[in-house]
Amino acid sequence: MRSYLKNMKTITKVDYATYLGVILAFIVVTICQSQGLVNRSVSGMLVPICCYVCMSISLNLTVGILGELSLGHAGFMSVGAFSGIIASMSLQSSISSELGRMVIALVVGAVFAAIVGFIVGIPVLRLRGDYLAIVTLAFGEIIKDLINCLLVGWDENGLHIALNVDGTKSMSTLGLSENGIEIIKGAQGATGNDRIATFTMGFVLVMITLIVVLNLVRSRTGRAIMAIRDNRIAAESVGINVTKYKLIAFVTSAALAGSAGALFGLNYSNVTAIQFDFNTSILVLVYVVLGGLGNIWGSIIATVILYVLPEALRQFSDYRMLVYAIVLILVMLATNNPQVRALLGRVIPKRKGAALDE
Amino acid sequence: MKKKFFALMMAMVMALGLAACGGNDTSTTDDGGSDSTESTGTAFKIGVIGPMTGGAAIYGTCVANSAQIAVDEINALGGDIQFELLAPADDVNDAETSVNAYNNLMDQGMQILVGTVTTQPGLSVFPLTNDDRVFTITPSASGDDCIENNDTVFQICFTDSNQGSRSAQYINEHFPDAKIGIIYKNDEQYSIGIRNNFVAEAETRGMDIVYEGTFAEANQTDFNVQLTAAQSAGADLLFLPIYYTPASAILTQANAMGYAPTFFGVDGMDGILTADNFDASLAEGVYLLTPFSADAEDELTQNFVSKYQEAYGEIPNQFGADAYDAIYTLYQAIQAAGVTADMATEDICDALIEVMPTISVTGLTSAGSEMTWDENGAVSKDPTAVIIENGTYVTP
Numbered sequence: 000m001r002s003y004l005k006n007m008k009t010i011t012k013v014d015y016a017t018y019l020g021v022i023l024a025f026i027v028v029t030i031c032q033s034q035g036l037v038n039r040s041v042s043g044m045l046v047p048i049c050c051y052v053c054m055s056i057s058l059n060l061t062v063g064i065l066g067e068l069s070l071g072h073a074g075f076m077s078v079g080a081f082s083g084i085i086a087s088m089s090l091q092s093s094i095s096s097e098l099g100r101m102v103i104a105l106v107v108g109a110v111f112a113a114i115v116g117f118i119v120g121i122p123v124l125r126l127r128g129d130y131l132a133i134v135t136l137a138f139g140e141i142i143k144d145l146i147n148c149l150l151v152g153w154d155e156n157g158l159h160i161a162l163n164v165d166g167t168k169s170m171s172t173l174g175l176s177e178n179g180i181e182i183i184k185g186a187q188g189a190t191g192n193d194r195i196a197t198f199t200m201g202f203v204l205v206m207i208t209l210i211v212v213l214n215l216v217r218s219r220t221g222r223a224i225m226a227i228r229d230n231r232i233a234a235e236s237v238g239i240n241v242t243k244y245k246l247i248a249f250v251t252s253a254a255l256a257g258s259a260g261a262l263f264g265l266n267y268s269n270v271t272a273i274q275f276d277f278n279t280s281i282l283v284l285v286y287v288v289l290g291g292l293g294n295i296w297g298s299i300i301a302t303v304i305l306y307v308l309p310e311a312l313r314q315f316s317d318y319r320m321l322v323y324a325i326v327l328i329l330v331m332l333a334t335n336n337p338q339v340r341a342l343l344g345r346v347i348p349k350r351k352g353a354a355l356d357e
Numbered sequence: 000m001k002k003k004f005f006a007l008m009m010a011m012v013m014a015l016g017l018a019a020c021g022g023n024d025t026s027t028t029d030d031g032g033s034d035s036t037e038s039t040g041t042a043f044k045i046g047v048i049g050p051m052t053g054g055a056a057i058y059g060t061c062v063a064n065s066a067q068i069a070v071d072e073i074n075a076l077g078g079d080i081q082f083e084l085l086a087p088a089d090d091v092n093d094a095e096t097s098v099n100a101y102n103n104l105m106d107q108g109m110q111i112l113v114g115t116v117t118t119q120p121g122l123s124v125f126p127l128t129n130d131d132r133v134f135t136i137t138p139s140a141s142g143d144d145c146i147e148n149n150d151t152v153f154q155i156c157f158t159d160s161n162q163g164s165r166s167a168q169y170i171n172e173h174f175p176d177a178k179i180g181i182i183y184k185n186d187e188q189y190s191i192g193i194r195n196n197f198v199a200e201a202e203t204r205g206m207d208i209v210y211e212g213t214f215a216e217a218n219q220t221d222f223n224v225q226l227t228a229a230q231s232a233g234a235d236l237l238f239l240p241i242y243y244t245p246a247s248a249i250l251t252q253a254n255a256m257g258y259a260p261t262f263f264g265v266d267g268m269d270g271i272l273t274a275d276n277f278d279a280s281l282a283e284g285v286y287l288l289t290p291f292s293a294d295a296e297d298e299l300t301q302n303f304v305s306k307y308q309e310a311y312g313e314i315p316n317q318f319g320a321d322a323y324d325a326i327y328t329l330y331q332a333i334q335a336a337g338v339t340a341d342m343a344t345e346d347i348c349d350a351l352i353e354v355m356p357t358i359s360v361t362g363l364t365s366a367g368s369e370m371t372w373d374e375n376g377a378v379s380k381d382p383t384a385v386i387i388e389n390g391t392y393v394t395p
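Here the protein sequences come in this chain order: L and F.
Residue 0 is where the first sequence starts when you use numbering that gives the first Met the number 0, and the numbers rise one by one after that.
Residue 0 is where the second sequence starts when you use numbering that gives the first Met the number 0, and the numbers rise one by one after that.
Check the hints yourself; a few may be wrong.
[Claimed, not checked] Covered stretches of chain F, going by a simulated chain L footprint (3 or more residues, C-beta under 8 Å): (1) 86 to 93; (2) 103 to 111; (3) 132 to 140; (4) 182 to 191; (5) 211 to 224.
[Stated by the list, open to error] In silico contact screen, one side only, chain F against chain L (beta carbon under 10 Å); selected entries: (6) Thr52; (7) Gly54; (8) Ala56; (9) Pro120; (10) Glu147; (11) Asn148; (12) Ser160; (13) Glu172; (14) Asn195; (15) Leu281; (16) Gly284.
Think of the hints as simulated: they come from the structure by calculation, not from any bench.
The model shown is predicted, which means the values in this text are computed figures rather than measured ones.
C-beta: ideal position from N, C-alpha, C; glycine also.
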């Protein structure tokens, strides 16, 4: 066993440490929860934290591993959230198991987000330069406006969908039968959803995201993706199909964001399109950048800390966002400070130091 | 390198300094609450959720301040019923943050919720209060869906559908020949809800709507297109079921292009006189449907406004008045139900739900009439429209 550990590559060790860390965190939180040690504030934040962790891991795949800037990641979350809610609400009568509906919703969210990611990616990823940033920025806004005029209802005849572009349609134009459910009501978003998301599901989703992303990155495909990031011309010269590998990374990232969105949607009884705006995309990007580009476990830790921080600062009342901003700046200064890094390198044995530089 | 460390230290010191400021701020308000409550030992713990920072902060802070005034008044009476107002929880008008704020208040032992201030966060919080059986009275979350299916939630303000149809009724009665233009925000439920009900009522009354324009959160600063279209359609009355920030831009830009229809707003227009970077003289002659006017002569309003001005140096808006009424409604309901603060939250909730449809309250926002509630949680009271003259609200 010891020799096996010794022969293992540093990168593999870091990956296993990441899995182990997430599993340990889940076990500790679950035990604390069963002992009644976790207050409502924390237990209420568990599911959104899992969602945002998945969001930042998947965005790290695009930004850190693929090296393309995406400014519309919340758009994929939005697609996942609303398609997931539609799936979960319309299956309410046919599938009684909440777990079953949740899994289906997550899969549906991932599939829809992947399809949208594919459509967005095909024209853009053929180009060189910052076009992906521009197009994803626009995509996030388009999705927001589209969902703002989307009306969806369900009755025993199936789904009723209308696009209320000119403001003349309302829920009554869908012609739902008496026991129909109104699922998405335009700008009001989806109201009256079943809140079926659980922390366990969030943990499973984080693990799936981790396994998918880490295995992708360490595979042949992942090496091709990173080769494109480091030097596109060199990668092309050895016969790597640039567009194909870029699309693989981008669509995977979109699909994972979609399932994170679906879980997020199932955690709130009211979800609106405006929640997934440009600010949310930037928020996730901040998690990724502060955690370290290409550094998966860094993304996880940064997300957890930065999501909990504004809530932990509630006692500062009106100054809380100000303090939050100062903390962000301090973290940036500290992580880029060579002395602090040297100190970290000394405290944590070499392999962690290697992971920092990765 | 030394410089960098120095900068770091400075930032740290500044952060600590600010933290101290923040700490002081909350502790003074806490003292105000607990000083008077300690006399009896047990007090109902009331939480307020609303936007204390961000674009809608003017509503949230006014609600929190006014609730504090009402709580202090009731505690000063020294009766059996004492209230303890927890530090107001900020939700930045965002549903996700609002749920976190709610959980935070529950950790502090909240028994009764006065909130949320706005509709969208409420739609996420109210199902939780319903599950937890926490009695909820919202000053100003006016959405129809807020009270639907949530038997724990009661409103002090009119529902959106009520505001829309009442506005149409008022305009029809006072401006029978008006050619009406509407500009509304098509990504906000508040605006859409009022517009839909206004249009429905206007159709049954045969009113003449000549133009409808929309805008969204992203483009709420430039209204030249909508205003030009409204002008060329011949609209001489513009109905604006929107909040005061975009409304102030509309008034400014209409003035700049020399277009002067009659403007008619609803309760979101309240606050326009104190809007940032807005020349308040442009609001002269604007009508708005609001249940509260700070210049009303009656003793109740005068008392509230002078206390508010003394404590916070501003004139309170309608949201504050709603919150003040919410606390007094709670007071009356607790008296009627005979519940005490040491009872379980669920029992308090069930007892209060029982008595709410039976009580009637005269308050700041009821225009002299009495407020009553149906079992659903909707309020019934007289609406009033005011016109802005010389920088104040005047009943026309």
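**Item:** Evaluation of the interface hint that places Asn148/F against chain L, nearest CB under 10 Å
**Value:** 7 Å, holds
**Prompt:** Are Gly284/F and chain L close enough, Cβ to Cβ, to be under 10 Å, as the hint says?
**Reply:** 28 Å, violated
**Message:** Given Leu281/F as an interface hint, is its Cβ closer than 10 Å to any Cβ of chain L?
**Reply:** At about 28 Å, which exceeds the 10 Å cut-off, the nearest Cβ of chain L leaves the hint on Leu281/F violated.
**Request:** Grab the minimum C-beta distance from Glu172/F to chain L and call the hint holds if it beats 10 Å, violated otherwise.
**Result:** With Cβ-Cβ at 26 Å, over 10 Å, it is violated.
**Request:** Please verify that hint: Ser160/F, Cβ, nearest Cβ of chain L, below 10 Å or not.
**Result:** 12 Å, violated
**Item:** Interface hint outcome for Ala56/F [beta carbon to chain L under 10 Å]
**Value:** 9 Å, holds
**Item:** Status of the Glu147/F interface restraint (C-beta, 10 Å, chain L)
**Value:** This hint holds: Glu147/F lies near chain L, its Cβ roughly 8 Å from the closest one there, short of 10 Å.
**Request:** Tell me if Pro120/F is really an interface residue toward chain L, meaning its C-beta lies closer than 10 Å to one of theirs.
**Result:** For Pro120/F, the interface hint holds, since the closest Cβ of chain L sits about 9 Å away, which is under 10 Å.
**Prompt:** Given Asn195/F was flagged as interface, is its beta-carbon under 10 Å from a beta-carbon of chain L?
**Reply:** 6 Å, holds
**Message:** Quick check: do three or more residues in the region 132 to 140 of chain F have a beta carbon closer than 8 Å to a beta carbon of chain L?
**Reply:** Violated, because only 0 residues of the region 132 to 140 of chain F bring their Cβ atoms closer than 8 Å to Cβ atoms of chain L.
**Asked** Has the region 86 to 93 of chain F got at least three residues whose CB is nearer than 8 Å to a CB belonging to chain L?
**Response** holds (count 5)
**Minimum beta-carbon distance criterion (10 Å), Thr52/F to chain L** = Nearest chain L Cβ about 6 Å off; hint holds.
Hint compliance for this structure: hints 3, 7, 12, 13, 15 and 16 are broken, all remaining hints hold.
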